[in-house]
Amino acid sequence: LAKTTQPISMDSYEGQEVNITCSHNNIATNDYITWYQQFPSQGPRFIIQGYKTKVTNEVASLFIPADRKSSTLSLPRVSLSDTAVYYCLVGSQTGANNLFFGTGTRLTVIP
Amino acid sequence: GAGVSQSPSNKVTEKGKDVELRCDPISGHTALYWYRQSLGQGLEFLIYFQGNSAPDKSGLPSDRFSAERTGGSVSTLTIQRTQQEDSAVYLCASSLGGATGNTIYFGEGSWLTVV
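Sequences listed follow chains A and B, in order. Counting in my numbering, the first sequence runs from 1 upward without gaps. Counting in my numbering, the second sequence runs from 1001 upward without gaps.
Note that these hints are calculated values from the structure, not bench results. Quick reminder that beta carbons are idealized off the backbone N, C-alpha and C, glycines included. Please note: incorrect hints may appear among the correct ones.
From the structure, some residues in chain A lie toward chain B, with a derived Cβ separation under 10 Å [what the hints assert, rightly or not]:
{"no.": "1", "residue": "GLY15"}
{"no.": "2", "residue": "VAL18"}
{"no.": "3", "residue": "TYR32"}
{"no.": "4", "residue": "TYR36"}
{"no.": "5", "residue": "GLN42"}
{"no.": "6", "residue": "PRO44"}
{"no.": "7", "residue": "PHE46"}
{"no.": "8", "residue": "THR56"}
{"no.": "9", "residue": "GLY104"}
My request is simple: use the sequences and hints to build the entire structure.
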């Protein structure tokens, strides 16, 4: 089971870049790394997914080192609306019990 | 619909009653998941359906919990003889299938309060 470890909370000022790192030391060969964002009273929302190196989309970048034992979600120029809990998920779809959601990182963006 | 749909969105029930929670996955998605999230906590895996395969029930917390998926689409999570500790939001999610890298899409959840 690819368990993940993230910081419990982070604070950032508006306009800054935020980097949230997730450790997943026993990631398996078939596992992908996916990040989700969750606002209060809502279901988690997909942000970005990657397997190795770097992935970038319109909202975030995901950096994955060669050993894949960690990953870093990078949010450029955060705004107050980015205040949420961010989950790192590691696993493959071949078995749902491989999909482990940790406790997430609660990001608070300060004006 | 465009996304995963869950109903009811909110449910208040008396201790000891049975409840049914419904999930409509995204059309064409063969994989369906149920998770539970208590207030301020992370997501707890409950059960997973993939196509016609036997469901992975390893996350169900007790025999009061059961789920079925009819016709490979709609799923119902049933909680019998509800207890106060069952109060949580129950999240359903779906994905295209068993291949690696498929993104999981979540519904907005069914908020259950047992009084």
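To see whether the hints hold, each was checked on the structure:
no. : hint   : in the structure
1   : GLY15  : violated (28 Å)
2   : VAL18  : violated (20 Å)
3   : TYR32  : holds (5 Å)
4   : TYR36  : holds (8 Å)
5   : GLN42  : holds (6 Å)
6   : PRO44  : holds (5 Å)
7   : PHE46  : holds (5 Å)
8   : THR56  : violated (16 Å)
9   : GLY104 : holds (6 Å)
Violated hints, in rising order: 1, 2, 8; the structure is consistent with all others.
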